[in-house]
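Enquirer: Those letters in the sequence shown? Residues 1 to 457, per the UniProt record's numbering, in order.
Hint data in this document are derived by calculation from the structure and do not stem from the laboratory.
In this text, all values refer to a predicted model and were calculated from it rather than measured experimentally.
Positions of the beta carbon are idealized from the N, C-alpha and C atoms, including for glycine.
Treat the hints with care, as some may be off.
Stated by the list, open to error - In silico DMTMM-like links for lysine to aspartate or glutamate, alpha-carbon gap of 25 Å or less:
no., residue 1, residue 2
1, K301, E289
2, K301, D10
3, K301, E94
4, K301, E285
5, K301, E360
6, K301, D434
7, K301, E353
8, K301, E97
What the hints assert, rightly or not - Simulated DEER-style distance windows between Cβ atoms:
no., residue 1, residue 2, range
9, V156, S309, 35 to 45 Å
10, A209, R253, 23 to 33 Å
11, G218, A79, 56 to 66 Å
12, G371, A198, 35 to 45 Å
13, R413, L444, 26 to 36 Å
14, G146, E360, 19 to 29 Å
15, T206, D374, 31 to 41 Å
16, L30, G287, 43 to 53 Å
17, V156, R349, 34 to 44 Å
18, A391, L30, 40 to 50 Å
19, L286, E7, 16 to 26 Å
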Amino acid sequence: MPTSPSEPYDLAVIGAGPAGLAAAVTAAELGLRCALLDAGARPGGQYYRHPAPGLGAAHPERLHHGWSVFAALSDRLAASGVDHLAGHHVWTAEQGEVWRLHATLGPEAADRAVVRARSVLLATGAYERQLPFPGWTLPGVVTAGGAQAMLKAGLVLPGRRIVVAGSGPLLLAAASSLVTAGAAVPAVVEATDYLGYARGARTLATNPAKLLEGANHGAALLRHGVRLRRSSAVVEAHGTDRVTGVTVARLDRDWRPVPGTERRIDCDALAVGHGLLPQIELATELGAETRVTPDGTVALKVDPGQRTSLPGLWAAGETCGVGGADLAVVEGELAARVIAGAPVPAALRRRRERRRAFAELMAAAHRPGPGWTDWLRPDTDVCRCEEVPAARIREAVDELGAGDARTVKLLTRAGMGWCQGRMCGPAVACLAGDPNPRADSRPLACPVPLSQLADPT
1 MPTSPSEPYD
11 LAVIGAGPAG
21 LAAAVTAAEL
31 GLRCALLDAG
41 ARPGGQYYRH
51 PAPGLGAAHP
61 ERLHHGWSVF
71 AALSDRLAAS
81 GVDHLAGHHV
91 WTAEQGEVWR
101 LHATLGPEAA
111 DRAVVRARSV
121 LLATGAYERQ
131 LPFPGWTLPG
141 VVTAGGAQAM
151 LKAGLVLPGR
161 RIVVAGSGPL
171 LLAAASSLVT
181 AGAAVPAVVE
191 ATDYLGYARG
201 ARTLATNPAK
211 LLEGANHGAA
221 LLRHGVRLRR
231 SSAVVEAHGT
241 DRVTGVTVAR
251 LDRDWRPVPG
261 TERRIDCDAL
271 AVGHGLLPQI
281 ELATELGAET
291 RVTPDGTVAL
301 KVDPGQRTSL
311 PGLWAAGETC
321 GVGGADLAVV
331 EGELAARVIA
341 GAPVPAALRR
351 RRERRRAFAE
361 LMAAAHRPGP
371 GWTDWLRPDT
381 DVCRCEEVPA
391 ARIREAVDEL
401 GAGDARTVKL
411 LTRAGMGWCQ
421 GRMCGPAVAC
431 LAGDPNPRAD
441 SRPLACPVPL
451 SQLADPT
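Required output: the full structure, derived from the provided sequences and hints.
Expert: Structure (structure tokens):
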């Protein structure tokens, strides 16, 4: 079984997105021996996803916001001496004076590795939150981030006429990318009214770059005649073999559809998402402390130096609460400096505070309202992997006494499928009336071949 060299690394960074790249190159430049582990073949993570060389993209930077930041980090990585361990899916971590990170590299028993390090930084990013509705399993219905990934990595569109819907700043970015690439976007359907941002005027004033970014996306949509429908949601997707249209309805302040406001919009694709969920399973399995963010998601609790509650484990970026690439880069650099025992410039701490404050404001402004469950019909699949409809979950709650997501899972199998609840978990918890949102604890953070579990070493 491949292992790291006999001498452990000073630092192992898990995740090669904005936070992980910034942490790894900063740590190496400060003299630490560093490994950067990532499931992808190339650095960049989900945010800086880019086309494979074989596709011949002449200007991949046109598909991204902030490409120059990634280019600079990539140059620093190439010159840093960091061991970039691509294709490493870390499925568990053993805590100790020297940490042991177990990774799978493929389906064969020999395709695995154990990486040893004195310190670990978790920069695993986030995945999209989905709220189900009738028709959400139809072909042509993709996540908002998935639509961007198809464009950035494959240079393809999920359709030609694409409705973008859900809630959160990712919608504007996705719609802007899609129309720039030639798609028709008849509407961006946002469940909130954006008034939540008005409560944070001071935070907005200290983050002018975020305002400019939003204005640029808005300007691109205006140029292409894209209509923004606020306080509205897609409550049903129509079609048989593929989505052919959606029904959009106005929402009240609790996200309940207002009767009589329904309108159909024809389309051949729907890109939908309701923000992001921090990916923190590696830490929560070990008992790391968490916090509930203003949008109801669960993130790792860290101190001002990005330390988690576990000795030797740091976190940066979306694992600490979703806040975007700029915040992730700042937190990655800050964490690396603390780990290396180097001074942290006051300006870096202030940037972190400003951007984290904006992240909290953004989360509060786009928190889903409790009334979204009124979109569901009894036969609407909530768990698409196990095909568990809303009626069965409500039966488990109303008739069998389930009061939390775990009990619903045991009674209905909701969350036991291939995605392990990543798609349906928030919806199941809401339908269960779970009063204590928490991250699931799983001994395996990603799928692992049984052949690799047979040998415990």
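Enquirer: With reference to the structure, classify each hint as holding or not holding.
Expert: Here is what the structure says about each hint:
Taken as a hint, the K301 and E289 pair is honoured in the structure, with Cα atoms around 6 Å apart against an allowance of 25 Å. Using a Cα cut-off of 25 Å, the hinted pair K301 and D10 holds, with the two alpha carbons roughly 23 Å apart. Distance restraint check for K301 and E94: the Cα-Cα separation of roughly 20 Å lies within the 25 Å cut-off, and the hinted pair is therefore satisfied. For a cut-off of 25 Å, the pair hint linking K301 to E285 stands: about 14 Å separates their Cα positions.
At most 25 Å may separate the alpha-carbon atoms for a hinted pair to count; K301 and E360 meet this at roughly 14 Å. A hinted pair counts as satisfied when its Cα atoms are at most 25 Å apart, and K301 with D434 qualifies at roughly 21 Å. A distance of roughly 15 Å separates the Cα atoms of K301 and E353; the hinted pair therefore holds under the 25 Å criterion. Restraint check for K301 and E97: satisfied, since their Cα atoms lie roughly 21 Å apart, inside the 25 Å limit.
Between V156 and S309 the CB atoms are about 43 Å apart, so this pair conforms to the stated range of 35 to 45 Å. At about 30 Å, the CB distance of A209 to R253 agrees with the hint of 23 to 33 Å. About 38 Å separates the C-beta atoms of G218 and A79, a value inconsistent with the hinted range of 56 to 66 Å. Distance hint for G371 and A198: a CB-CB separation of about 22 Å, inconsistent with the stated range 35 to 45 Å.
About 18 Å separates the C-beta atoms of R413 and L444, a value inconsistent with the hinted range of 26 to 36 Å. Range check, G146 to E360: about 26 Å between beta-carbon atoms, so the 19 to 29 Å window is met. Checking the proposed 31 to 41 Å range against T206 and D374 shows it holds: the Cβ atoms sit about 38 Å from each other. L30 and G287 have their C-beta atoms about 29 Å apart, which leaves the hinted 43 to 53 Å range violated.
Separation of V156 from R349 is about 42 Å and conforms to the stated range, judged on CB atoms against 34 to 44 Å. At roughly 57 Å, the beta carbons of A391 and L30 sit outside the given window of 40 to 50 Å. Separation of L286 from E7 is about 24 Å and conforms to the stated range, judged on CB atoms against 16 to 26 Å.
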